[in-house]
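Engineer: Each chain, letter by letter, is given below.
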Amino acid sequence: MMPLLRKAGAFVVRDFRIESGYKTAFLIRIVDSMMLLVLFYFLSQLITPHNSSALRGHGYSYFSFALIGLAFARYFDLTLRMFSESIRLAQVTGCFEAMMSSQTGCITVALMSSLYGLISGGVQLLVILAAGVVGFGMDLTHLNFLATAVVLVLSLTIFVAFGVLSAAAVVWLRKGDPITWILGGFGTIVGGAYFPTDMMPPWMQKVAMVNPITYCLDALRMTMLQGYSVVTIAKPLVTLLGIVAIFLPISLGLFTAAVRKGRREGTLTQY
Amino acid sequence: MFTALSNVTIEIQEGDRIAVMGPNGAGKTTLLKLIGGLILPAKGDIVVNGFSTAHHSADARKSVGFVLNEERSFFWRLTGTQNLEFFGALDNLGGADLRNRIQELISLVGLEEAAGRVVEGYSSGMKQRLALARGLITEPRVLILDEPTRALDPIAADEMIDLILSRIYSDSRKTLLIATHRMDEALKLCNKVLVIDKGRIQAFDSISDLKRDQITLSQYYRRALAVEAV
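Residue numbers (the numbering used here), protein chains in the order written: chain Y, -5 to 265; chain A, 19 to 248.
Treat the hints with care, as some may be off.
[Said to hold, decoys possible] Okay, the calculated bits of chain Y under chain A, using three or more residues with CB under 8 Å as the criterion:
| # | region |
| --- | --- |
| 1 | 91 to 97 |
| 2 | 109 to 117 |
| 3 | 246 to 260 |
Derived by calculation from the structure, the hints in this document are not laboratory data.
Glycine included, each C-beta is placed from N, C-alpha and C at the ideal position.
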C-alpha cells in the first residue's frame, strides 16, 4: 500500500509543480466557468418551472438545476478526458517511454497521471458551487452530504471507467477516440446537464435513458437540492453501481489488451 | 506488422559488457527495448535475471536500468532533482533512501550545480548525464544504454564514456548493453561485440578473440556485414 501511496503522491507533486508554472491557466478555467454561471443565472430569470414537469414537481429553480448540471458535467468531462490526454501528452513529450521503463505498470501510470486533474477539477467544482451559493443565491440548504458523496464517488468511478476506455482507444487507434466525443460533448447535452430530459424530443429521451450522465446528474440533484438520503435514492444508486460493475472491468481489460498490443507491436510510444 | 528482429537467440552472462552494433535500422534499439521490457516479442521469450519480460515484466524490470537517448524523456519544467525524485518513486524508492541516492547520483554524474535548475535549460550532454543517473537509480544489475553519445559533441561524448568507464563500471558483476556506432566506445567499454543487420544477428564474439585473431573491430564489423574494406 505504501509504495502505491508514494507513487500517487509523486504524480500529484509532479503535476502540481508543472501546473504552478502556468498559474493563469487555472484562473482562466475558473473565469470561464463563472461566465457560464452568469449566463445561466440571467437565463434562469426568463425560465419558470412551469415549462418542465421535472422542475415543476421538485420545487427548485432552473438556476439550481443548471448549476448542478454545469458544474458536475464539466467535472465528469474532465475526468473522462484526462486519462487519454495524459497518455497522449506523455507520448508527445517523450516521457511515456521513460515511465514505461520503470517498475510501475502502464495502468498505474495512466490512473495516477490523472490524479492531479481530479483534485484540481474538484477544487474548480467547489469554487463554482460556492460562487453559485454566495453570489447567486443558489439554495443548498437541503443538501444531504453523505448521499451526495456516495453518488459522486460512484459517478466519478463511471467516468474513470469510460476515461480508461477512451485511453485504450488512444493507445489502440493512435488517433482521436470516439468515446470522449460521445460522452463528453453530445452526452452532456442529452444527459440533461442544461435542460431537463423531459423537454427533449422522444428520440433524445431514449438516448438519455442509455446515457450514464443522466443517472449521475439526476441522483446528484436529488441529494443536493431535495435532500434525498442514501436509502431513498437506492434505485438510482443500484443503476450507477450496475454501470460501474459492467464498464470498469471491461475498460480495464481493454486498456490492458491495448497496452499489450502496443508493447508487442512497438507502437506504445507512437502517436 | 513490421518485423524488426527475427530468429534472435543470445545468452548474456552476468558481467558481460556488450556493444550492440549495426547500421541504422538494423534492429539495435528494438533488441535493447525487448530486453528492457519496453517491447514484447511476438514470438519467443526474453528472460532477464530469471524473469520473463512478457509474463513477469515488473520483476524483470527490477534488474534493468534503461538509459534512453531521447532528450525529451524528462519533464522539462521540473528540475533535475525533481525529475529523479519522480522517476525514483516509480521505481518504488522513497524517503531518505531516495534523497540520498539522488545526491549520490547527481555527484556521480557531475550535475551538482545544475540539479536545482529546470531541465529545459540543460545542454544535450547534461540531459544525457541525467538520463544515466535515472538509469542507475535502482542500482540495476543490467544497464542498457541506447547510443548514449549520439547527440553529443566529441568532447562531451568522450566525457560520457569516461564517466561510464571510470565511475560506474568499476563493478565487474554488472552487465552492460550499449548500442553504439562508435568503435572507440565499443572498445573502451565492452568485452563483447554483437553485430546486427536486417533484424538478424550477424556476429557475436568477445573482443579478446578479435585481438587473438589479430583483426581490428572495424575489420570484424565490415566482415560481419559483408562490406568490402575501403
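Engineer: Which numbered hints are broken by the structure, listed smallest first?
Structural biologist: Violated hint: only 2; rest satisfied.
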